[in-house]
Amino acid sequence: MSVQQASVSTGVGNRPRVEPLLKRKPQTYWTMAIASLRNDRLTLTAIVVVTVMGVMALFAPLIAHAVVGIGPNDTNPNNAFAPPYIIPYVKWQLGMDPTTAAMMLGKADGIPHWLGTDQLGRDQFVRLLYGGRVSLGIAFAAATISLVVGVMVGAVAGYFGGWVDDLIMWFINTVVSVPTIYLLIIVSAIFKPSPNTLILFLGLLGWFGTARFMRGNVFKVRQLDYTLSARSIGATSGRIIMQHILPNTIPVIIVITAIDVGALILTESVLSFLGLGVQQPTATWGSMLSRTQEYFFLIDPATGRNRALHLMISPGVLIWIAVLCFYLIGDGLRDALDPTLKNKK
Amino acid sequence: MIRYIIRRLLQAIPTLLGISVLSFVLAYAAPGDPVTFMTFDPNIDAATRELMKRQLGLDQPPPLQYLSWFAGISLRQGDQVAEFTNDKTSCSYWSRVDLTFCDRGDGVIRGQLGTSIQTKQPVWDRLVERMPATLELGLASLVMALAAGIPLGVLSAVYRGSIFDNFTRFLTVIGQAVPNFWLGIMLIYFFAVVLGILPTGGRQTASLTGETDLLDRLRHLILPAAVLASGQLAVFVRLMRTEVLEVIHTDYIRTAHAKGLAGSTIWFGHALRNALIPMMTVLGPAVFGLLSGAVVTESIFAWPGMGRLTLAAVFQLDYPMVLGSVMFFSVLVIIGNLFSDVLYAVVDPRVRLS
Numbered sequence: 078m079s080v081q082q083a084s085v086s087t088g089v090g091n092r093p094r095v096e097p098l099l100k101r102k103p104q105t106y107w108t109m110a111i112a113s114l115r116n117d118r119l120t121l122t123a124i125v126v127v128t129v130m131g132v133m134a135l136f137a138p139l140i141a142h143a144v145v146g147i148g149p150n151d152t153n154p155n156n157a158f159a160p161p162y163i164i165p166y167v168k169w170q171l172g173m174d175p176t177t178a179a180m181m182l183g184k185a186d187g188i189p190h191w192l193g194t195d196q197l198g199r200d201q202f203v204r205l206l207y208g209g210r211v212s213l214g215i216a217f218a219a220a221t222i223s224l225v226v227g228v229m230v231g232a233v234a235g236y237f238g239g240w241v242d243d244l245i246m247w248f249i250n251t252v253v254s255v256p257t258i259y260l261l262i263i264v265s266a267i268f269k270p271s272p273n274t275l276i277l278f279l280g281l282l283g284w285f286g287t288a289r290f291m292r293g294n295v296f297k298v299r300q301l302d303y304t305l306s307a308r309s310i311g312a313t314s315g316r317i318i319m320q321h322i323l324p325n326t327i328p329v330i331i332v333i334t335a336i337d338v339g340a341l342i343l344t345e346s347v348l349s350f351l352g353l354g355v356q357q358p359t360a361t362w363g364s365m366l367s368r369t370q371e372y373f374f375l376i377d378p379a380t381g382r383n384r385a386l387h388l389m390i391s392p393g394v395l396i397w398i399a400v401l402c403f404y405l406i407g408d409g410l411r412d413a414l415d416p417t418l419k420n421k422k
Numbered sequence: 010m011i012r013y014i015i016r017r018l019l020q021a022i023p024t025l026l027g028i029s030v031l032s033f034v035l036a037y038a039a040p041g042d043p044v045t046f047m048t049f050d051p052n053i054d055a056a057t058r059e060l061m062k063r064q065l066g067l068d069q070p071p072p073l074q075y076l077s078w079f080a081g082i083s084l085r086q087g088d089q090v091a092e093f094t095n096d097k098t099s100c101s102y103w104s105r106v107d108l109t110f111c112d113r114g115d116g117v118i119r120g121q122l123g124t125s126i127q128t129k130q131p132v133w134d135r136l137v138e139r140m141p142a143t144l145e146l147g148l149a150s151l152v153m154a155l156a157a158g159i160p161l162g163v164l165s166a167v168y169r170g171s172i173f174d175n176f177t178r179f180l181t182v183i184g185q186a187v188p189n190f191w192l193g194i195m196l197i198y199f200f201a202v203v204l205g206i207l208p209t210g211g212r213q214t215a216s217l218t219g220e221t222d223l224l225d226r227l228r229h230l231i232l233p234a235a236v237l238a239s240g241q242l243a244v245f246v247r248l249m250r251t252e253v254l255e256v257i258h259t260d261y262i263r264t265a266h267a268k269g270l271a272g273s274t275i276w277f278g279h280a281l282r283n284a285l286i287p288m289m290t291v292l293g294p295a296v297f298g299l300l301s302g303a304v305v306t307e308s309i310f311a312w313p314g315m316g317r318l319t320l321a322a323v324f325q326l327d328y329p330m331v332l333g334s335v336m337f338f339s340v341l342v343i344i345g346n347l348f349s350d351v352l353y354a355v356v357d358p359r360v361r362l363s
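These protein sequence lines map, in sequence, to chains V and S. Going from the first sequence to the working numbering is simple: count from 1 and add 77. Going from the second sequence to the working numbering is simple: count from 1 and add 9.
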């Protein structure tokens with residue numbers, strides 16, 4: 078088939094303008110990136126896992142209502158440390174053991190605790206859902222703050238240079254000399270944070286790396302010819318930063334943010350584990366682990382097994398998977414978004 | 010070289026000043042003050058409380074409080090020599106400006122890092138008392154991470170693209186993502202509770218005679234050091250792999266091959282030597298990582314180190330102790346970075362310090 082005439086528009090002077098319809102869509106930077114991402118199964122899997130986690134966290138109340146029927150803070154003292162219901166349920170459905178599942182259901186007033194219950198008889202599955210909401214939400218929001226602050230400060234430092242740059246870099250170098258976790262511990266201990274204030278602390282103490290990177294990149298781009306030409310036709314500093322310098326750094330910024338979200342999930346979980354993050358009874362994945370060390374020797378006399386093993390394992394595994402996925406996504410995006418890597422493979 | 014070191018040390022002064030102001034502002038912004046927590050006793054009336062505040066200098070404006078904490082000196086209006094002079098503080102009255110000048114003899118820059126509210130000891134003494142434990146843990150984990158990271162990185166580069174390489178890379182990514190504290194809990198549960206072959210925590214088994222058994226100490230050290238090492242391991246493996254891959258394509262490796270040298274001689278004798286040089290640069294950040302990791306690892310394993318001491322001080326709202334520790338850790342980080350830069354230049358003659 079030959080090239081068709083796609084659109085014929087009559088312009089001024091009755092001269093028809095012809096645009097050929099190409100068989101193949103033009104390749105832009107972003108379509109190329111998506112195409113290379115499509116072949117990267119590991120990154121795609123990670124994206125799917127993170128999306129599923131995000132959706133489950135977002136619709137936590139609906140899912141909890143539909144699957145279990147109780148809230149995250151509903152206690153049942155008669156049914157503390159119940160083991161996960163899912164294993165007896167499967168055995169029951171397979172016709173292997175019809176009694177255990179029914180007994181567990183009876184003890185739990187008919188509520189199926191798929192992943193068991195904690196020391197107050199609260200449903201572990203529901204708490205994980207709601208905890209994911211807080212943990213992922215905090216990480217995303219804090220990453221957004223640190224992204225915005227980091228990019229702005231970095232761009233300003235790199236673009237203006239001189240004493241502005243000196244001052245900003247002195248500040249950054251000062252703060253990064255203190256192990257961040259100690260600063261976070263101090264502010265958390267002092268302010269007893271709610272999720273919102275914790276977002277603020279994590280965001281405001283996490284932008285230094287982004288700013289440093291941004292500054293370096295701006296330094297590089299500032300000396301390129303197209304920045305000079307933009308300036309020569311009278312573009313303002315703000316316009317040069319927004320139109321010419323920022324787009325140039327977006328790929329790396331995206332990568333940094335993905336990895337940042339992972340790191341922030343870790344940091345939040347550490348703080349909550351130490352009892353300094355979001356306060357009880359709000360569930361986060363980290364705070365659900367904060368009492369695990371008391372459960373080591375909680376042996377069920379009947380079976381000789383630990384009664385709280387499910388409480389120790391599930392939040393940790395979720396944190397692990399979430400962080401791993403964000404790291405993998407960061408790595409995958411780095412490969413997909415860097416056109417110079419294409420030839421190296 | 011010496012000039013470079015001196016210049017870096019001079020540059021550290023404004024940084025440390027900044028840290029002291031920053032951490033002081035953080036503590037000053039805290040709602041409530043230490044006196045409120047010291048005087049939960051309802052029998053203490055408001056007047057006594059005010060007097061205690063006055064004695065601690067908490068009624069002063071923030072800049073003067075900072076001066077008092079940082080330098081151990083305080084200024085007050087009027088002649089107040091009689092009220093503030095005691096066995097630790099010497100005061101004098103300057104009549105011309107109508108000010109009382111008191112020197113407490115402690116303060117951050119006087120080498121004592123302030124005085125702990127809880128124990129009334131200098132912060133420095135309390136930190137130094139706990140330092141060997143943290144050093145022991147840090148060194149052990151560094152040795153572990155290097156001993157595992159270097160061979161894994163080299164082999165991973167040599168057998169690039171093989172199953173081993175992919176497996177190692179997969180393992181490092183997984184290892185970087187695992188929450189350290191949870192890994193610690195799981196290791197304690199498995200090795201100490203289920204198998205019962207290692208202790209659950211502490212630095213040694215308590216004994217009445219005060220004797221220490223080296224084997225016992227080592228058994229206590231294994232788990233916390235492994236947890237602390239797991240964070241560093243991934244960094245070392247990655248760096249080692251990249252460096253060896255770079256070295257592999259150089260001419261002298263080809264020459265070594267052409268001479269007919271054995272593979273292991275080339276990899277570990279020629280390639281590793283040069284690939285190791287950039288490892289010096291990660292030693293500085295390693296200090297940072299170990300100090301950061303120490304607070305969590307030490308609290309899980311009940312390890313009597315500086316991280317756990319600081320965490321306890323945070324919970325007791327012992328601000329001078331916390332601020333002093335933060336200053337101390339910052340100094341360690343700065344020294345660690347300087348040390349690693351200097352070492353890099355010493356080992357690699359191509360690197361010039363400027």
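Please note that the accuracy of each hint is not assured.
As the list claims (entries may be wrong) - Rough simulated footprint, nothing fancy, chain S against chain V, three-plus residues with beta-carbon under 8 Å: (1) 145-159; (2) 236-244; (3) 261-271; (4) 335-346; (5) 365-378.
Hints are computed from structural coordinates only; laboratory data are not their basis. The beta-carbon is built from N, C-alpha and C at its ideal position, and this holds for glycine as well.
Each hint tested on the structure:
no. : hint    : result
1   : 145-159 : violated (count 0)
2   : 236-244 : violated (count 0)
3   : 261-271 : holds (count 6)
4   : 335-346 : holds (count 3)
5   : 365-378 : holds (count 5)
Hint compliance for this structure: hints 1, 2 are broken, all remaining hints hold.
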